[in-house]
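**Student:** Chains A and B are the protein sequences, given in the same order.
Quick note, the numbering used here runs 11 ahead of the 1-based positions in the first sequence.
Quick note, the numbering used here runs 11 ahead of the 1-based positions in the second sequence.
For the record, the hints were derived by calculation from the structure and aren't laboratory data.
It cannot be assumed that every hint is accurate.
Here are some chain A residues pointing at chain B (derived, C-beta under 10 angstroms) [said to hold, decoys possible]:
| no. | residue |
| --- | --- |
| 1 | 278 |
| 2 | 463 |
| 3 | 498 |
| 4 | 524 |
Positions of the beta carbon are idealized from the N, C-alpha and C atoms, including for glycine.
There are 2 protein chains.
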Amino acid sequence: MTKRVGLAKAMEMVRGRSIVGGRAVSTQPSAAVFRALDPSTGRDIDRGYQAASESDIEEACEQAWDAFHDLCKVTCQERARLLDRIAGAINDLGQALIEVGVRETGLSAARLRAERDRTTSTLALFARAAGEGSWVRASIDRGDTSRRPFPKADIRSMLRPLGPVAVFGTCGFPLASSSAGGDVASALAAGCPAVVKGHPMHPGVGELVARAVCDAVEQTGMHPGAYSFLHAGGAHDHEVGRRLVVHPSIRAVGFTGSTRGGIALADLAREGRDDPIPVFAQMGSTNPVFLLPGALEKDAERIGERIAGSLSNSVGQMCTCPGLIFVVRGDSSERFARSVASKLREKMPETMVGRRTGDEYARRLRAVSDIPGVSVRGGSVPEGRGAQDDRERPAVGAPCLFTTKLRTFLHTPALHAETFGASAVIVECDRFEDLEDGASAVMGSLTGTVWHARGEEALVGRLVEILERRVGRIVFNGAPTGVEVCASMMHGGPYPSGTMPSTTGAGPQAIERWARRVCYQDAPEGVLPAELHDANPLKIRRVVDGRAGVDAA
Amino acid sequence: MTKRVGLAKAMEMVRGRSIVGGRAVSTQPSAAVFRALDPSTGRDIDRGYQAASESDIEEACEQAWDAFHDLCKVTCQERARLLDRIAGAINDLGQALIEVGVRETGLSAARLRAERDRTTSTLALFARAAGEGSWVRASIDRGDTSRRPFPKADIRSMLRPLGPVAVFGTCGFPLASSSAGGDVASALAAGCPAVVKGHPMHPGVGELVARAVCDAVEQTGMHPGAYSFLHAGGAHDHEVGRRLVVHPSIRAVGFTGSTRGGIALADLAREGRDDPIPVFAQMGSTNPVFLLPGALEKDAERIGERIAGSLSNSVGQMCTCPGLIFVVRGDSSERFARSVASKLREKMPETMVGRRTGDEYARRLRAVSDIPGVSVRGGSVPEGRGAQDDRERPAVGAPCLFTTKLRTFLHTPALHAETFGASAVIVECDRFEDLEDGASAVMGSLTGTVWHARGEEALVGRLVEILERRVGRIVFNGAPTGVEVCASMMHGGPYPSGTMPSTTGAGPQAIERWARRVCYQDAPEGVLPAELHDANPLKIRRVVDGRAGVDAA
């Protein structure tokens with residue numbers, strides 16, 4: 012396996028500069044420098060990063076536009092090779108990447124290794140999808156010049172890449188959703204160059220991975236503009252993002268983060284440009300859980316342990332952590348609450364990914380506990396801090412469990428929003444029908460979960476009918492965390508959990524976000540992409556004259 | 012065939028009232044009454060229509076929400092039967108529908124009959140797609156409890172209907188894009204109830220067709236809330252639309268019309284609601300045409316006739332009429348321009364669908380002719396009128412052909428917008444490369460057309476590469492009007508021609524607009540839709556464990 016390196020040696024690999032078109036941009040004496048924080052100590056890490064300048068951004072976007080023309084033309088096997096090579100180059104970073112990551116994010120080495128493996132397997136998944144090629148949904152309707160009264164034109168269409176994509180690094184997923192995460196991998200698979208805005212909380216990890224991507228771009232002979240990485244932080248954080256989103260060469264945006272942040276980008280992409288572009292934002296999600304009486308009766312303790320584990324996974328810094336738990340009040344719901352609280356008590360306060368994240372979590376816990384009718388059932392609410400100890404303090408978060416009544420929940424909009432951190436609210440209902448009212452009231456979410464026992468199928472059916480309109484994925488007798496990456500996965504949901512609820516951010520169908528159907532009428536075969544040639548040289552699945560299969564036209 | 016009826020008798024069938032949940036709403040003495048115009052005379056038609064009241068809208072949306080739960084549960088064959096029955100009921104209206112249509116729109120009886128046939132064949136197409144069932148893109152990944160380190164969950168997903176859809180009737184397509192047009196047909200096929208806002212220019216046609224739809228809903232035993240029709244006009248036109256778009260039960264919007272109108276609805280659907288909903292708007296499109304030198308050299312006259320026919324089709328009141336024609340200046344481009352102008356001269360001024368449409372067309376022609384560097388090459392620009400003859404005047408439009416130079420085009424934003432009416436601008440370029448500059452400058456459009464001759468393939472390839480980023484459909488050696496309805500059709504384009512450039516408004520894939528992928532994790536089979544049952548009872552195409560086919564799981 013990978014050999015251990017010292018942290019100091021690992022940090023030496025980081026140069027603190029953006030990478031545009033395969034090269035680190037040159038140091039500018041006047042550049043705005045920012046530093047990342049070690050969240051476990053609250054101290055700045057001794058390494059300055061230069062935020063990308065206006066001309067860096069301009070050059071990255073222009074090079075991406077140039078590269079787009081090349082990337083459209085390379086074969087799908089070449090795109091697959093690029094993605095596989097990126098995965099290899101990330102693995103080659105070995106322990107250095109993990110050590111820098113632990114330092115910058117406070118996540119454990121085990122968690123970061125798991126996230127890295129998920130990232131490389133996602134790259135491999137998109138490599139397979141790109142190389143296989145059927146994702147373009149090619150469709151051919153052959154012409155018929157003898158048709159009356161009008162001859163029938165030859166109509167062919169397939170998904171074609173949108174153009175350069177701006178991807179925003181994510182605080183909670185320094186590997187799986189940043190420099191070479193799912194958005195970048197799926198964009199490159201589609202044939203779209205990526206320009207990444209690094210997240211200021213983990214610039215070292217971002218830069219190391221970006222370097223790996225650029226090496227892979229070079230090794231596979233791709234146009235160097237296919238990938239650029241822009242450092243952003245300090246006073247220039249928003250400015251780098253803003254310039255990217257309004258740049259004419261950028262044709263779509265990928266973002267994972269807060270609802271406020273995602274909506275701001277979507278507004279900018281619409282109002283800040285002559286030509287609005289799509290923003291695929293995955294945002295705040297409450298991931299409601301519904302525990303049916305039979306399930307609780309039988310299994311309250313086990314369900315409690317499972318839910319406690321899911322909500323406190325990575326200090327609750329996962330987009331699918333359950334935040335609302337609806338129960339019918341009774342002895343078994345009491346056993347359930349006790350089980351969750353006791354499991355959470357075993358957890359020590361843990362480091363969160365950044366000071367801002369930790370502070371916002373603490374603020375949110377205080378706000379929830381201040382709501383009349385809400386009680387703390389497990390864990391504790393941190394005291395408010397004075398402004399004087401605002402530095403050099405570890406960013407920690409501890410789990411906290413609240414309870415309230417359905418009536419309070421229904422009338423308190425603040426309870427309907429996501430808490431980013433290891434916290435959930437148990438909403439107590441009087442009868443099963445109240446669970447339906449609760450389900451009808453939750454806001455759009457990535458997931459909804461139903462625990463049920465044998466004999467409760469009719470009740471489950473009624474809940475599912477409601478949840479189908481509000482969430483992207485319905486989980487039965489399980490936990491919503493742990494997104495299985497497979498063809499059937501749907502990772503996305505209605506507002507406010509996403510801006511594009513008909514698309515998924517995980518699984519091979521995520522490629523489709525970066526493409527748009529283009530139709531060719533009576534085109535000479537020479538100008539058609541190979542996917543639409545009569546002979547079907549790529550042997551992809553197509554629909555020909557309305558029939559699906561791997562056919563020649 | 013259908014027997015002829017008198018216009019008076021046909022008009023008697025129209026009651027002037029909205030239809031909510033299968034019943035004409037009762038007359039309200041205080042209701043706001045509006046009248047339609049006979050555009051061929053400019054006189055009001057002697058028939059009052061009551062604009063839908065606030066409570067009519069409320070009831071239509073509430074009934075649609077109730078019906079949604081039923082419509083989700085009926086089999087896909089039942090939905091197919093409903094669509095086929097609607098087509099039958101529209102045919103049953105016979106000549107009465109055509110006569111009312113001619114009176115209200117000024118379109119010819121032949122054109123309206125063709126549009127009716129297109130409407131019924133679209134209903135039949137969506138009936139087949141709904142009945143066949145594979146459009147839901149079902150996908151199954153079976154679980155594996157023995158997988159290590161974590162067992163693999165059973166993940167299944169498919170497209171599920173969004174909920175009630177608001178559809179706006181369209182001025183230029185009283186049948187194909189109004190009460191039972193493509194948006195309504197595809198929404199019902201998906202399982203979404205439709206609430207239609209009638210267009211004030213053709214309320215009689217709208218109501219007659221709506222009645223036919225309601226009859227079909229009743230005859231097939233569907234929930235009466237599955238379809239409602241709301242009259243809107245006069246001072247209440249915008250208000251009915253606004254209330255519909257912000258109603259909590261409405262989950263998506265379909266619109267065809269001006270860019271201004273579509274953007275206003277999209278803004279309202281985002282800012283006027285707690286939960287933004289998607290607006291599928293098809294808007295203004297310039298449909299640029301590029302004539303390569305070889306093609307013009309060989310065929311200038313024939314191409315001229317073809318383009319002249321396409322741009323003046325239905326007085327240019329088609330979303331795909333060509334509005335910009337790029338040529339390399341020379342003898343053959345001169346022959347082409349002469350051919351278009353001469354063909355257009357044969358056209359008499361024709362009735363446009365409404366006075367507002369005719370006035371806006373005339374205003375636009377005056378504005379274009381006032382641009383320095385633009386000349387009138389064929390047809391004529393109507394004189395401005397005083398306010399005093401603002402009534403009782405037929406709404407007519409005559410073709411008009413302009414020419415300008417590329418330089419003028421590039422620097423004049425006003426020339427980049429759609430002219431709704433039988434007009435086009437020939438943009439003269441000096442060299443082939445200028446055609447590329449022109450293509451790079453056009454705004455998003457439904458179509459782009461390239462005429463080429465043998466030996467010009469390389470030039471065509473360069474143009475296509477540019478056009479792929481700007482239009483939905485690229486036509487070769489043909490006319491952009493005449494949208495073939497087939498599986499491969501793409502009828503939609505980037506902004507400003509549409510709000511959702513990755514979706515099509517024509518062809519079977521239009522159903523997907525009204526649905527969203529929902530994923531079920533470890534679900535008991537009893538709560539799953541039949542499309543996801545192991546045995547594949549509907550025999551649809553699915554992807555099972557990543558492999559496509561008609562398989563049992």
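**Student:** Give a verdict on every hint.
**Tutor:** Each hint, compared with the structure:
1. 278: 9 angstroms, holds
2. 463: 8 angstroms, holds
3. 498: Result: holds, 5 angstroms to nearest chain B Cβ.
4. 524: Given a least distance of 8 angstroms, the restraint on residue 524/A holds.
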